[in-house]
Amino acid sequence: MIKKWLTVIGKTILLLIGITFLSFLLVYHSPGDPAMVALKKSGMRVSEKALELKREELGLNDPFAVQYGRWLNEFFHGDLGESYKTGKAVAGELKKTIPATLLLTVAALALTILISFPIGVLCAKYKAEGLTI
Numbered sequence: 072m073i074k075k076w077l078t079v080i081g082k083t084i085l086l087l088i089g090i091t092f093l094s095f096l097l098v099y100h101s102p103g104d105p106a107m108v109a110l111k112k113s114g115m116r117v118s119e120k121a122l123e124l125k126r127e128e129l130g131l132n133d134p135f136a137v138q139y140g141r142w143l144n145e146f147f148h149g150d151l152g153e154s155y156k157t158g159k160a161v162a163g164e165l166k167k168t169i170p171a172t173l174l175l176t177v178a179a180l181a182l183t184i185l186i187s188f189p190i191g192v193l194c195a196k197y198k199a200e201g202l203t204i
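Following my numbering, the numbering of the sequence shown begins with 72 at its first residue and continues without gaps.
No lab work stands behind these hints: they were computed from the structure.
Nothing here was measured: the structure is a model prediction, and the numbers come from that model.
Some hints could be false.
Straight-line distance between alpha carbons at most 27 Å, and here's what the computed BS3-like set of lysine-lysine pairs gives [unchecked claim]:
1) K167 <-> K156
2) K156 <-> K112
3) K159 <-> K111
4) K156 <-> K111
5) K112 <-> K166
6) K167 <-> K112
7) K111 <-> K167
8) K120 <-> K156
9) K156 <-> K166
Work out the full structure: start from the sequences and follow the hints.
As structure tokens, then:
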């Protein structure tokens, strides 16, 4: 039993690392420059020199593997970083939006159950007559 649980936990951890890797890869290859976004947000005049300094400050000049490794290390230490767009801590932004997200999730689940349960009962009851919804 313990072996089964350890296998499930190990697979879950690998799955989560795979998801973060693919997400990081998509963001890495997405159009746009986080340094440009950060400089425009701060109201600074955007010059090549300023862009290069900001990229160096954010670690964007490092190879992909180094950036992902740094992010993964910080993630496991509880640091989700700062938003390039707002400059605020990502963890703080998530704390503000989690209650609304959970409320929406619970409401959607409740609505799904309220609609699907009666339909399932009707379909089971009238199976022989061919009730289709």
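Hint check results:
1. Annotation: proposed proximity of K167 to K156 holds, straight-line Cα distance about 16 Å (limit 27 Å).
2. This hinted pair checks out: K156 and K112 have alpha carbons roughly 7 Å apart, not beyond 27 Å.
3. Proximity of K159 to K111 is assessed by CA-CA distance (about 15 Å); at most 27 Å being required, the pair is judged to hold.
4. Simply put, K156 and K111 have alpha-carbon atoms about 9 Å apart, close enough for the 27 Å limit, and the pair holds.
5. Only pairs whose Cα atoms come within 27 Å are accepted, and K112 paired with K166 is accepted, the gap being roughly 22 Å.
6. Under the criterion of a C-alpha separation no larger than 27 Å, the hint pairing K167 with K112 is consistent with the structure, at around 21 Å.
7. The straight-line distance between the Cα atoms of K111 and K167 is roughly 25 Å, inside the 27 Å bound, and the hint therefore holds.
8. A C-alpha spacing of about 20 Å is found between K120 and K156, which places the hinted pair at or below 27 Å, so the restraint holds.
9. In summary, the hint linking K156 to K166 is supported, as the alpha carbons are separated by about 17 Å, within the 27 Å threshold.
Figure legend: structure checked against the earlier numbered hints; every hint is met.
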